[in-house]
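Just so you know, the sequences run in chain order P and X.
Following my numbering, the numbering of the first sequence begins with 88 at its first residue and continues without gaps.
Following my numbering, the numbering of the second sequence begins with 149 at its first residue and continues without gaps.
Keep in mind that the hints were calculated from the coordinates and are not lab data.
Just so we're clear, the structure is a prediction, and the values are computed from it rather than from any experiment.
You can trust all of the hints, since none of them are fake.
Here are a few chain X residues that sit away from chain P, every Cβ distance over 12 Å (derived from the structure):
(1) Asn-166
(2) Arg-178
(3) Arg-335
(4) Ala-338
Short derived list, chain X residues pointing at chain P, Cβ under 7 Å:
(5) Val-195
(6) Ala-262
(7) Ala-266
(8) Phe-287
(9) Ala-365
(10) Pro-409
(11) Gly-411
(12) Phe-412
(13) Leu-419
Glycine is no exception: its CB is placed at the ideal position from the N, C-alpha and C atoms.
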Amino acid sequence: MTLQHLAAAATGSGLFDMLAHPFMRNAFLAGTAIAAASGLVGYFVVLRSQVFSADALSHVAFSGALGALALGIDARAGLFGASVLVAVAIGLLGNRGRSDDVVIGTVFTGVLGLGVLFLSIYTRSSSGSNGVANVNVLFGSVFGLGAAQAAVAAVVGVGVCVAVIAIARPLFFASLDAAVASARGLPVRALGIGFLVLVGVCAAEATQAVGALLLVGLVAGPAGAAQRLTDRPWAGLGIAAGLAVLSMWVGLTASYLDGSLPPSFSIMAVVAGVYALAVAIPGVTTRARR
Amino acid sequence: MTMAGVDLTWNIARDVNNLFAYHFMVNAFRAGTAVAVVAAVVGWFMVLREETFAGHTLSVVGFPGAAGAVWLGLSASLGFFAFCVTAALFIAALPRRTRRGFSEESAVIGTLQAFALACGLLFASLYAGFLNGVTALLFGNFLGITNGQVATLVITAAVCVVVVALVYRPLVFASVDPDVATARGIRARALSVLFLVVLGVAVAAAAQITGALLVFALLVVPAAAAQAVTARPAASLALAVGFGLAIAWIGLAIAYYSPYPVGFWISAVALAIYSAARLFARSPGRRPVPAGSRVA
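Take these sequences, add in the hints, and give me the full structure.
Structure representation (structure tokens):
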């Protein structure tokens with residue numbers, strides 16, 4: 088389906104009627120909300136050194152989606168259910184809501200293994216398009232989103248953004264100095280777990296756009312770039328979200344114009360380019376980095 | 149009905165005999181053995197050095213390498229090795245300012261990793277009709293391993309193990325305390341680069357059996373389980389190799405008799421061994437593992 092859209096797009100007249108296609112409107116609607124949420128969540132993920140946890144959650148999203156497909160229910164139920172459950176588990180198990188790399192690595196190998204099992208059950212039972220479900224979950228299918236799916240993704244994305252901004256102040260404090268924050272009476276542990284739940288929801292969201300394997304780039308890339316560009320927290324949050332949305336828009340447009348580029352690839356290429364630029368710009372070195 | 153059309157009986161001798169009846173299965177066991185040994189040894193050091201995230205990135209980078217090689221008409225094996233070693237050198241060139249969890253470095257690695265996977269997707273979609281190949285590259289395949297592949301894997305595994313054996317003492321020292329090691333005249337930086345390259349080769353080898361995404365089943369799990377059981381370096385290294393072999397052999401044997409993929413069985417066995425090791429380490433009467441040595 089996506090390929091046909093792309094073929095139609097390639098023969099169309101280009102940029103001007105891009106938003107005339109419903110599939111492009113859906114992609115932009117869902118993509119913008121997902122990118123903004125990923126940028127905001129990502130800023131704290133990078134600040135709290137939890138990139139690896141986010142990555143683990145993305146793997147969980149993969150298995151959750153395929154598990155739901157294997158059971159014959161909506162993939163999104165599995166996506167959100169599994170990601171949030173595992174986010175809580177990581178938060179409870181890990182040391183003060185921050186987790187041990189080896190434990191995460193071991194657990195996500197097990198989780199991915201389950202995903203493979205579900206994949207083989209699913210492809211056996213549906214006997215149709217073999218690797219397609221797999222590739223869609225792993226690498227996203229933003230051009231294949233229907234109007235209802237896009238609307239739900241947009242609402243959830245906005246919800247995540249609002250939640251992150253609502254807890255931003257105490258979360259900054261708890262992330263930068265957990266000991267002092269808890270001495271001042273902040274519920275540091277609850278904040279950590281709550282934040283991981285947001286990361287889980289964000290992972291499930293982003294899986295629909297760029298896929299389980301690539302969402303870590305959308306989460307970590309713009310945020311990492313923002314941290315290179317400024318050391319002021321609120322500005323950093325804004326820049327992270329802005330760069331994520333920009334990458335999404337440029338990536339979607341590039342894939343619309345050149346049908347041979349998968350949208351997930353274009354988006355990641357822009358993210359990587361933005362990060363490289365941020366590193367190349369000689370700027371903020373004031374932060375104590377040791 | 150199972151993958152090879154052979155059913156399990158209660159006669160264990162006959163089952164084992166059936167297991168080796170086909171040449172592809174013999175090759176799978178040969179390759180699996182070589183890969184399990186090298187992954188356990190190198191993974192043990194990776195866990196000790198807290199470079200788990202780098203190891204994950206290397207495994208992920210193997211995927212575009214293999215997909216790109218297939219797209220260009222080369223062997224996937226060549227792509228795995230070329231990309232993993234190049235990425236290892238790239239990671240070695242990154243500054244390593246703190247020992248663990250430095251936020252910006254992990255953001256760089258995470259972004260690099262996502263971009264690499266995206267490139268793999270691009271190569272796979274440029275090489276039309278490769279969607280099922282994507283699953284094999286990511287989640288492993290033990291059917292159709294050729295004699296040539298077995299030879300390559302055995303030789304690279306042997307070279308890696310020999311290199312690690314040659315630098316064993318300084319590498320342990322530099323991994324546990326790089327500052328003191330440097331003060332004692334050990335070239336910790338050079339060792340670090342050498343180790344990352346060895347890690348790249350080991351990951352590339354393991355990925356050819358387990359798939360790029362399930363490398364950790366052979367790389368991290370044996371080491372993590374062994375280090376949970378004992379804190380003594382030599383003993384836990386030996387135990388890690390034992391666990392690795394058990395994971396590979398049991399996983400392959402079950403996969404042979406079952407309709408489900410080898411990647412699932414290998415990771416399931418790995419998880420079972422890890423859980424058992426953690427339970428054993430916690431059981432009453434055992435001295436608790438000293439803090440810090442488990443993931444030291």
